[in-house]
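Residue numbers (numbering that gives the first Met the number 0): 0 to 122.
Rather than coming from a laboratory, the hints here were simulated on the basis of the structure.
Please note that the accuracy of each hint is not assured.
Claimed, not checked - Each pair of labels, with its calculated beta carbon distance range: (1) V14 with G91: 29 to 37 Å; (2) F69 with L16: 16 to 24 Å; (3) N56 with E10: 14 to 22 Å; (4) S120 with P20: 31 to 39 Å; (5) G91 with E17: 29 to 37 Å; (6) S121 with P20: 34 to 42 Å; (7) C70 with S102: 30 to 38 Å; (8) F69 with D107: 18 to 26 Å; (9) L90 with R13: 14 to 22 Å; (10) C70 with E104: 19 to 27 Å.
As the list claims (entries may be wrong) - Below, simulated SDA-like cross-link-like pairs (lysine to any residue); rule was C-alpha separation at most 20 Å, straight line: (11) K67 with W12; (12) K67 with E17; (13) K67 with S102; (14) K67 with I99; (15) K67 with R13; (16) K67 with F113; (17) K67 with D98; (18) K67 with S120; (19) K67 with E6.
Every residue, glycine too, gets a C-beta built ideally from N, C-alpha and C.
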Amino acid sequence: MGIVARETGEEAWRVALERFPEDRKGQIAHKLAMKVSDSSWHEQLSEIGENPVSEENPYWLGPFENYKTFCPYLVGSYERVAEEVARYIDLGFGTFILDIPPSEEELDHTAVVFREALSRSSV
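Can you make the complete structure from the sequences, with help from the hints?
Next comes the structure, spelled out in structure tokens:
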């Protein structure tokens, strides 16, 4: 998964949309890949993308749907994204594979999320 988190959800979304703008060529490539793919995982991710993103649903598939990456992103405030990551930790997940952050600064923002998630976790 990828993570874009900031102090506020609005700031996180500004960064996410700047990093992954809509790309018509990428959308066409994604649709073509969906037609020829037999991957159930690819199909499941596409179905998740049909749900609108909100504070209740921080999962964003914009980068996936524009053929920029092959994973969902969690986008929102540190608090909201950490809440979602903490749910995974509480379910027993101890390893997370992250999309490659574009900079050390972005990795620092992700570290804030994981520190907060660990403090929220009941594990």
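Hint check results:
Range check, V14 to G91: about 30 Å between beta-carbon atoms, so the 29 to 37 Å window is met. Distance hint for F69 and L16: a CB-CB separation of about 19 Å, consistent with the stated range 16 to 24 Å. Here the CB-CB span from N56 to E10 is close to 18 Å, well matched to the stated 14 to 22 Å. Between S120 and P20 the Cβ separation comes to about 34 Å, which falls inside the hinted range of 31 to 39 Å.
A C-beta distance of roughly 35 Å is found between G91 and E17, which places it inside the suggested range of 29 to 37 Å. For S121 paired with P20, a C-beta distance near 38 Å keeps the hint of 34 to 42 Å intact. Restraint check, C70 to S102: a C-beta distance of roughly 18 Å breaks the suggested window 30 to 38 Å. For the pair F69 and D107, the supplied restraint of 18 to 26 Å holds, since their beta-carbon distance comes to about 24 Å.
For the pair L90 and R13, the supplied restraint of 14 to 22 Å is violated, since their beta-carbon distance comes to about 31 Å. Evaluation of the 19 to 27 Å hint for C70 and E104 yields a pass: the beta carbon distance comes to about 20 Å. Straight-line distance between C-alpha atoms of K67 and W12 comes to about 17 Å, which keeps the hinted pair within the 20 Å bound. Simply put, K67 and E17 have alpha-carbon atoms about 13 Å apart, close enough for the 20 Å limit, and the pair holds.
Using a Cα cut-off of 20 Å, the hinted pair K67 and S102 holds, with the two alpha carbons roughly 17 Å apart. A distance of roughly 12 Å separates the Cα atoms of K67 and I99; the hinted pair therefore holds under the 20 Å criterion. The suggested pairing of K67 with R13 holds, with an alpha-carbon distance near 17 Å, which does not exceed 20 Å. With a CA separation close to 24 Å, the supplied pair K67 and F113 exceeds the 20 Å bound.
This hinted pair checks out: K67 and D98 have alpha carbons roughly 11 Å apart, not beyond 20 Å. For the hint linking K67 to S120, the alpha-carbon distance of about 31 Å lies beyond 20 Å, and the restraint is violated. The hinted pair formed by K67 and E6 fails the criterion: a straight-line CA distance of about 25 Å is larger than 20 Å.
Checked against the numbered hints listed earlier, the structure breaks hints 7, 9, 16, 18, 19; every other hint is satisfied.
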